[in-house]
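Dock chain B against chain A, hints included.
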Amino acid sequence: MTVIPDEDITRLLLELRKGGHAADDRLINAVYRELRRLAASYLRKEGHDQSLQPTELVHEAYLHLNDKDKIKWQNRSHFFAVCAKVMRHILVDRARSRGTEKRGAGLEWVEFNEEFLPGPVTPEQALVVHEALERFEKISPRQAYAIELRYFGGLTNAEIAEVIEMNERTVKRDMVSALAWCHKELKPRSRSGSTTGEHPKL
Amino acid sequence: MTPEQWERAKDIFDAALDLAPDKRAAYIHSACSNDPVVFSEVESLLAAHAEVCAIRKKADGSFLRPDRFDLMPDLFDPPPPPTPSLQTGEVISGRFRIVRQLGRGGMGEVYEAHDSELGVLVALKTLHPEIAANPEVLNRFRQEVRIAHRITHSNVCRTFHLGRDIAHVSSDGSDPVDLTFITMEVLDGKSLYQILKDTGRLPLDRAHAIAIQMAEAIEAAHRAGIIHRDIKPGNVMVCSGRNGEGDRVAVTDFGLAKVDGSAPGSDADLSAISHPGNIIGTPAYMAPEQLDLKPVSPATDIYSFGLVLYEMVTGQKAFPGSHTIGEARSRLVEEPPSPRAVFPDLPAEWDKAILSCLQIDPADRLHHVTDVIAVIEGADPAELSKSPSINTGAPPRWPAPQPQPATRRRWILPTVAILLFCVSLSWPAYRLYQWRANSTVASGTLVYLAPVKNETGEKQLDNITELVRAGLSQSAHINLLDAGRVSEILQHMTKSPDTAITPEIAREIAMRGNAPRLITGVLSKAGNTFSLAFTIEQPDNQPGRPRHSWPKTWTWNDSAVDQSSTSISPKLLENIREASDWIRGRVGESDNDIVRLGARPEDVTTGSWEALDDYEQALRLSNEGRRADAVLALQQAVQKDPQFALAYAMMGDILISLRREIEGFRAYDKALDSGLRNRLTRKEEDRIRGMRAVDTADYQLAVDAFHDYTINYKNDYIGWTYPTIPLRMLKRDEEAIANLKAAIPLAPDNSFAPHELANELILRDRQDEALQWVAYLKNHNHAESATEVEIVLAFLNHHYDDALRLTNSLHNSASLLRRSNSYGKEAGLLAEIGDYKAAIKAIDQGLVDDDAQNNSAQRAERLLNRAYLEYKLQDYSSCIRDVDTGYVLNPSPQNALKVDTILGNVYAVGPLPITSAVRLELRKVMQTLPQPEYGNLAELVQLRTLGETQLADHRPELALKTFQQADKKDELAGSREYVGRALVALIAKNDNPSNSNRLLEQAMAAYSPIALRPAFIWSNPNHFLPGEFADALSSYVGIASQLRIDSPEVRRAKLNFALLRKNQTSNLVVRTSRP
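As given, the protein sequences belong to chains A and B, one line each in that order.
Sequential numbering of the first sequence, starting at 734, is according to the numbering used here.
Sequential numbering of the second sequence, starting at 56, is according to the numbering used here.
Extracted from the complex, chain A is given alone in its bound form:
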C-alpha cells in the first residue's frame, strides 16, 4: 500500500507553520491514518463504484478524531485544511496504484457544481483534478490552494478565508475565476490556454 512519503508530510507541516499554525507530526499522522482507514473501508464496500465523498469523509474523520483522540485543533478550519491535503494524496495515490496513469478509460468529464463540491469522486477524477491543480499552482498558487481546500476538504469560503488569511470577499472573488479556470481546464479536449501544454483527454 502506498503511504504519503515522509518529505510530503514535512512539506505539509512546513506549509502550515509558515502560515503560523501549529501542527505536529502526530496530528498529521493521526489524520492521515484516520482518513485512510475511512477511505479504505468505503472503497472496500461490496458493489461500490470506487468513488468517495471527500467532504463526508473529512467530516466523519473530524467527528471521530475529536471524539477518540481528543486532539485539540486550533479550529475546525485548520483541521480541514490538513484533511484536504491528505485527502488529495490518498485519492491520487490510489488512482496511481491502480495504474490509471493512462486516463480516459470510462472517465467522463469531471463536472462541478458551483460549490466545487463534487458528488462522489473516483480516484481517477481526483487524479485529473490534481493534475489540473498542479498546472494552476504555477500561475496562481493562492487560488489553487483555495480550490484544493474546497474540493478535497469541503471548506466553505469563510473557512478558506481563515486558512489563507484573506478576507472572505477576496476568497469569494477568487473562487469565481478559479472555478471558471478549472471548469474550462477540465472540459474534454479543451484547447484554450495552450501555454499550459498537453491537457488530459477526459
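Because the hints were derived from the structure by calculation, they are not lab data.
Yeah, the Cβ is synthetic: ideal placement off N, Cα and C, and Gly gets one too.
It is possible that some hints are incorrect.
To be verified - Here's a subset of chain A near chain B, in silico, CB distances under 10 Å, partners left out:
{"id": "1", "residue": "Q876"}
{"id": "2", "residue": "V909"}
{"id": "3", "residue": "A913"}
{"id": "4", "residue": "C915"}
Just chain B now, kept in the frame of chain A:
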C-alpha cells in the same frame, strides 16, 4: 500563461462580470487589446463561467450553499422574469389589447398592443412587479413619461401613458397581479448602434441625414429645458421611411434626462429621486464635465452628439477603450481626436464640426446642436460662436427659436445626478423593435462564400478568398458550401467552372445549394486607403436581389505596401481576420468558439502571395478534374512556402484519390510533421490524421481521429461520414449507419453520406431501407450515384444483366472518376459470373481511357486486375508479365497485397516452370516493401509477402503461422483467403486425414467473410480482384461439400453459387498432391 498574465486576466474577468453581459465583449476587447493570450484567457474564462452558472441552475444546491454568488447582482444574471407573460388578445386596463410580444428585458417585457381608445398600435412596456415596487424606479419611470410629454417632436420617441392595472387577471387564469406599464410609439427600425455595428462607417450623405434629425430632436429637448445626458448610438433609432421618404430618426430614452427645476412646469418631486454626487450616463459617450461631476448643460449633449458624429463617419469610437469612468477620464486632458486621422478623405467641414463639439471646456464648444449641422454644411464655426445663446443663423428648416434670455443661466445648476444603482435603467431601445430579419442562423447551416472581388487592380490580391475561407472554415457553427458542390451547381447552371461569380450568380449558387446565407466581399483601394466590404446576404427566391443583407466595411491605411513584395501585408491580414470573426459572430457563433477555433488565416494558409496563387490555381484545376495538374501547382506552392501545411494536406488528398498512395502519404506526413502541424487548423489536423489512418488501414485510429473532429465540429458532415469505411472494416456497421444518418441532414445535397448509407444498409441486409436512399439520391440530382447502388442491388438479387447494363451506362459519365471506375466494375461483374474473357475486354477499354487521362496509378491497378483474370484463364505468362508491369508502375501497399494474392494463387495451381517466376516476383515485392512509416498497413504487407514466399518455398506450416499473424493486422471484416489457401496447402502436404477435417473447417471459416457477404466486395470494390467473391464462394461451397456440411448458411451459399455460375460446379479445393 505567466502568473502576471493570469493576474491581468483575472482582474479583467472580475471587472467584466460587473458589467451587463452585452457590454462585456467590448470591454475585454479594449482591456486586453495588446495581449492576445490574456484576451483569449478572459474569453474562455467568461464562457466557462457561463457554463458553470448553467450547471448551477441545474444543481439542486444541496448543502453548504455557496455565498460567492452574492457578488453577482441578479441584475446581471437575471432570474426567470416573474412578470406574467401577457397573452395575445389580453386586454390591459380595459384599453390595450396585446397583439404580440416584441421583446424581453431585465426589467420586464415589451409588447405590441392596440390602444382601443386612440385606435393606434403602441409599444407597451411592462415592469416586473418587484421592480415596480421600488418607489425610486417607479418615479424614474414616471419622470421619463413626464419629460417625454414635454417634448413633442417627430424625432423624439413619443411616450403616451404611464399606467397601472391593479389586480390584473391574466387570461390563463393565474393569480391576479399588479401590472405597471408605459405605452409609447412603436418604432419599426434599428438602433444606430446596431447599424454601426453591422455596417461600420456610414456614407456621408446617410450620416448627414441622421445627424440633421438627431439635431432636431436634441434641439427640441433643449428648448423645452431638458438635457438628455445620455446621447449615444443606442438611443437613436433609425426607421426605414415609407413611400420613398428618407429614414426617420427618433431619439429615445429620456430616462436620464434632467429638467431644470426652476423651469416652468417642472416637477418638484423629481428631486426626490436624485442622488447627489453620482455619475450618470454611459462612460463611452460622456462629456468631460459629466465625468468631472461638474454642472451639465446643453453643451454636454453637444459633446456626446459630436462623439456620435465621429463614430458615424469613421466607424470607430473616438475614445476606444473608455468603457469605465476611469478610462473615460483621459478625455479630460487629451486633445480631442480628429476623425480625419482615421478617415483621411473626410471633408474639412465635418472635421471642423466634430472637433468643435469635442472641446474639453463646454464654453469652447458650439452653443447649439443646430450649429453643428450648419458647420457641416459649410458655415464658419467662428461666426456661429459669436451668437452665444441663440442661433440666428439657423437654416430655414428650423422654427425660429423663441427668445429665452434666461436660458443660459438656468443651465448652470448644482450637480444633481439622478442615478439608480449603477446600472442604466434604460432599456436597450432596439428591444422595442420588431425584428424583421436576423442574420444569425442555426448551428450547422450551410453558407456559401463567394469569391472575394478584387477591385484594387493589384493582381496579387486576387487570392484573398482563401484567406477568408481559412477563417470561416474553422467555424464550429456554420458549414461552408464546398468547392466540389459549387462546381456541380455551376455545371447544372450550364456554366463553366471558371465563370466569374457575379452577385446574381452567387445568389443562384446559394439558392441551388440550399445555403441560407451567402457572403460576398469586395476589396477596393483609393490612394493608400484600402476598404474591405463584406455583406452577409439571405438569398430570396430570385437571384436579382437578396431578401436581407447585413453589410460591414473595414477601412485601413496601408501606405507601406510594397507591390513587389511576396509576403502579404499584416494590415490586410489583420482586417481579413476581423472580417471573418465578424461574419462568424454575425451568423451566431459564440465569441468563445471564435477565439478558441480562430487560428490566424496566414498561419493556417500561407503568408506568401506566390504560394497562395499556386494554391488557388490548384483548387481551380482540381475542380476542373485536372487532379494531376493540381498536384503540380501544389508542388510549386510548397516550394515557395515550405511551411504551407494546407497545401501538403490538399496534395495528399489528391494524390490518394489518384491512387498514388505513397506520394500521398508523404504529403500527409509532411503536413502533420511536428514543424508544420501547428500551421494546420484543428479541423484540418484531425481530418488528415483520420484520412492518413484510413489509408494505412489503421482503422481504430481513424475512428478516433474523426471522433475528435466531431467534438469540435459536430455540425460538419465530414466527421460523421469519413469513418464509415473504418467502421465497416471493424465490423461496426450499426455505428456507421447511425453516423451517416446524423450526417445527411448536415449536408443534404451531398451524395457521399446517402450513398454510403445505402451501402451499409445493403451490407446489413436491409435492402428496402437502402432503396429509400436510392430514391433520395435521385431526388437530389445524384442519379449516377443512385445507379451505383442499384448495380449492387441488381447483383445481389441475381439480375446480372441489369447490373451490367447499369454499369455500362456509367461509361458515359461526365465524372472522370466515375467513368474510370465503371470499367473496373464491369470487369468485376463479368468475372463474378465467370466470363473472364469479356472481363479482360472491359479492362482493356479502361486502359485506353487511362491513357487518355495519363493516369498511371489507375493503369497499374487495371494491369493487376487483368493479371488475375489471366490466371483464371490459365494464361500464366501474361499474368506474370502484367503483375510485373503493374507493380513497377505503382508499388503501393494495396497493390503489394493484390500481387501477393495473385502470385499465391498462381503458385497453388500453376505448372512448375511458372512457380520459379512466382518466387522471383515475390522477391521483387519483398525488396520494394513499403517502409515501416506506413504503419499497420506496412506490417500487414510484410507478413503477407513473407507468408506467400514461405508457401512458394513449400513450407505451408510456416506460412500458416505467418498468415495467422497477418490475420491479426488485417481488417476485421476483410478477406482471409490467404489463410484458407495456406491451410489447404498444409493439408495437401501432410495428407493426414486425422486432423485434415479440422483444418478444412478452419479453411472454410477463412473463406466465409467474403463468401457469405456478397455485398462486401462491392462496398469497396477497389480493394478486390475481379471475381474474388465467386472464388471465395466456390472454395467455401467446395469444402462444405467435401466435409458434407449441410447448414442453412451452406445451403444459401450453394444456391448463390448455382445462380452465379449457372453451368459450373464448385472447385474441388483439395488435391492430394501437387501436379
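Status of each hint after checking the structure:
no.	hint	in the structure
1	Q876	holds, 8 Å
2	V909	holds, 6 Å
3	A913	holds, 4 Å
4	C915	holds, 8 Å
The structure agrees with every numbered hint stated previously.
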